[in-house]
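Could you put together the complete structure from these sequences and hints?
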Amino acid sequence: MRSHTLLRLLVLVAALVVVGDGLDVLGGRGGGGEGGGGDGLVERVVDGDTIHVRLSGRSETVRYIGVDTPESVKPGTPVQCFAKAASAANARLVAGRRVRLVAGAEARDRYGRLLAYVYRASDGAFVNAALVRDGYARTLTIAPNDRFAPRFAALQADARRAGRGLWGRC
26 MRSHTLLRLL VLVAALVVVG DGLDVLGGRG GGGEGGGGDG LVERVVDGDT
76 IHVRLSGRSE TVRYIGVDTP ESVKPGTPVQ CFAKAASAAN ARLVAGRRVR
126 LVAGAEARDR YGRLLAYVYR ASDGAFVNAA LVRDGYARTL TIAPNDRFAP
176 RFAALQADAR RAGRGLWGRC
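Each number in the working numbering corresponds to the 1-based position in the sequence shown with 25 added.
In short, the hints are calculated from the structure, not lab data.
The beta-carbon is built from N, C-alpha and C at its ideal position, and this holds for glycine as well.
Label-pair distances were calculated between CB atoms; the ranges are:
hint, residue 1, residue 2, range
1, Arg185, Gly121, 28 to 36 Å
2, Arg83, Pro175, 30 to 38 Å
3, Pro103, Tyr136, 19 to 27 Å
4, Gly188, Arg133, 29 to 37 Å
5, Ser84, Gly188, 31 to 39 Å
6, Gly193, Pro100, 25 to 33 Å
7, Gly82, Gly188, 43 to 51 Å
8, Cys195, Leu66, 31 to 39 Å
9, Arg83, Ala120, 16 to 24 Å
Okay, structure coming up:
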């Protein structure tokens with residue numbers, strides 16, 4: 026009987042270690058928000074809404090939650106209006122900087138990318154919101170990752186009314 030209890034305890038501990046490692050990669054430790062916070066260094070800006078971040082010793086592709094920028098690197102898709110400007114804006118916000126990632130309700134998309142709300146570590150700037158506010162991104166709400174959907178919708182409406190970014194050019 027004692028060996029079964031010990032075996033169950035070892036299995037439980039092993040499961041917690043595996044889950045804990047996954048949370049660390051997803052930014053699940055360290056406080057607040059959906060999934061907590063994880064810090065990493067932006068290694069590369071892919072486009073307006075996707076970056077590569079060094080997390081826990083490995084490079085992860087991170088797709089911003091709640092926003093969509095015009096396509097600039099999607100295979101088989103021509104470069105869309107304002108795509109290069111959106112990519113450049115994203116680079117100005119995060120390239121080479123430390124960021125804090127906050128996971129949503131779903132941590133990864135069907136392509137295996139981390140899904141995150143992204144904050145600049147130096148000053149807490151909410152990158153997803155900044156891109157929408159300044160007209161570099163449109164809202165893209167995909168449940169269950171919809172925590173900031175109302176906020177993003179209001180920022181988009183303001184940007185559109187003011188003709189900022191893509192709303193004044195595309």
